[in-house]
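Whenever a hint applies, use it, and build me the whole structure from the sequences.
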Amino acid sequence: METVRARTPVDIAVMAPYLLGFHPEDSLVLLALDGRRVGLIQRCDIVPDEHAERAVRQMVGQVVQTRARAVVAIAYETRPGASARMRAVLAGLVDRGVIGCSPVVVVRDGRWHSPDRDVEGWEEDGVVLPEASRVPGVAGLVAHGRAPLRTRSDLAEQVAPGTHPGSALVETLLAHRPTGPRGRAAATAAWTAVLRAREPVDDLDDDVVADLVVSLRDRAWRDALLAVLTPGPDAVPGIDPEDLRTAAAAARCCSWTHEATGSRGGEVDDPAALDVEALLDRLCGVVHRVPEPRSAPLLTVVGQVAWWSGSGALAGVALEAALRADPRYRLAVLLDQLVTHGIRLPAA
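FYI, my numbering numbers position 337 of the sequence shown as 345, with every residue one higher than the one before it.
Treat the hints as calculated values from the structure; they're not laboratory data. Everything numeric in this text was worked out from a predicted model, so none of it was measured. Note that the Cβ used here is the ideal one computed from N, Cα and C, for glycine as well. No false leads were mixed into what you were given.
Pairwise CB distance ranges (calculated):
no., residue 1, residue 2, range
1, Glu132, Arg206, 51 to 57 Å
2, Asp42, Arg338, 28 to 34 Å
3, Arg158, Arg332, 19 to 25 Å
Here it is in structure tokens:
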């Protein structure tokens with residue numbers, strides 16, 4: 009994903025919905041800073057005062073785990089003062105040297121406020137937030153047609169399985185597939201079709217979608233694919249090199265996948281090439297075509313790619329959907345724990 013650099017807390021207040029994927033309401037958002045680069049992003053509902061201490065401490069603890077030294081805090085309120093107790097807890101942690109924090113900005117009714125009057129340009133009645141197209145780091149997203157969704161519920165709809173009319177036919181096809189893996193040839197062909205941008209997801213053959221679902225029953229294939237799509241600095245132990253090469257071949261249009269094998273990178277000059285955001289868009293589109301009872305493995309793939317790339321909100325809703333579909337799907341359970349505790353997967 010493109011590096012997002014922050015300039016002022018007010019700019020970050022405009023930027024945060026784009027990073028989260030939706031407009032937060034009655035929320036405290038913490039954005040960890042590595043220099044001027046935004047790292048881990050967390051959002052918590054504004055909680056009753058008696059729960060504020062625990063909620064804020066948990067958020068700050070997760071930031072500290074990433075070795076970030078400072079955060080930007082933005083409170084989104086619908087009622088004046090609703091976030092006051094949570095902001096006070098955060099201020100106490102800052103005073104004790106647990107974390108650094110720039111002056112908190114409160115956003116309400118499209119205006120920003122500085123409760124401590126420490127942000128340059130503040131006014132007593134608040135100041136209208138700047139246009140997104142005028143904010144560095146956001147202007148490029150706006151130019152490419154990116155826009156945050158209205159609410160977190162809208163984001164959850166992006167990963168709602170079985171909403172496409174064709175999901176019933178996919179279910180019929182799956183009912184006649186073998187219960188075990190169908191073979192690497194079918195898996196490779198299905199993922200190659202999905203991981204290229206030449207063909208819209210809605211135009212994929214139903215057999216391709218069914219083969220993709222079946223492929224994820226093969227844990228060796230699934231793990232090799234995830235190692236390719238979410239590469240880290242070190243090799244993942246226990247994955248057969250041949251599986252890794254096969255998965256890398258299927259994902260060759262993803263411009264970062266060479267990190268997993270040391271081979272030539274994705275076909276970045278090819279019109280079929282994908283960046284991470286485009287990949288997630290395509291995978292979410294395929295999720296709509298998969299019947300809910302069979303969707304947990306694919307939703308978990310979406311969750312891991314999203315979490316690895318920094319899209320914590322999308323990871324959260326994808327894993328929630330995966331666990332609704334299959335509460336015992338072990339990889340979803342484990343990854344949900346990582347997301348809950350803010351443990352980031354290492355990016356290459």
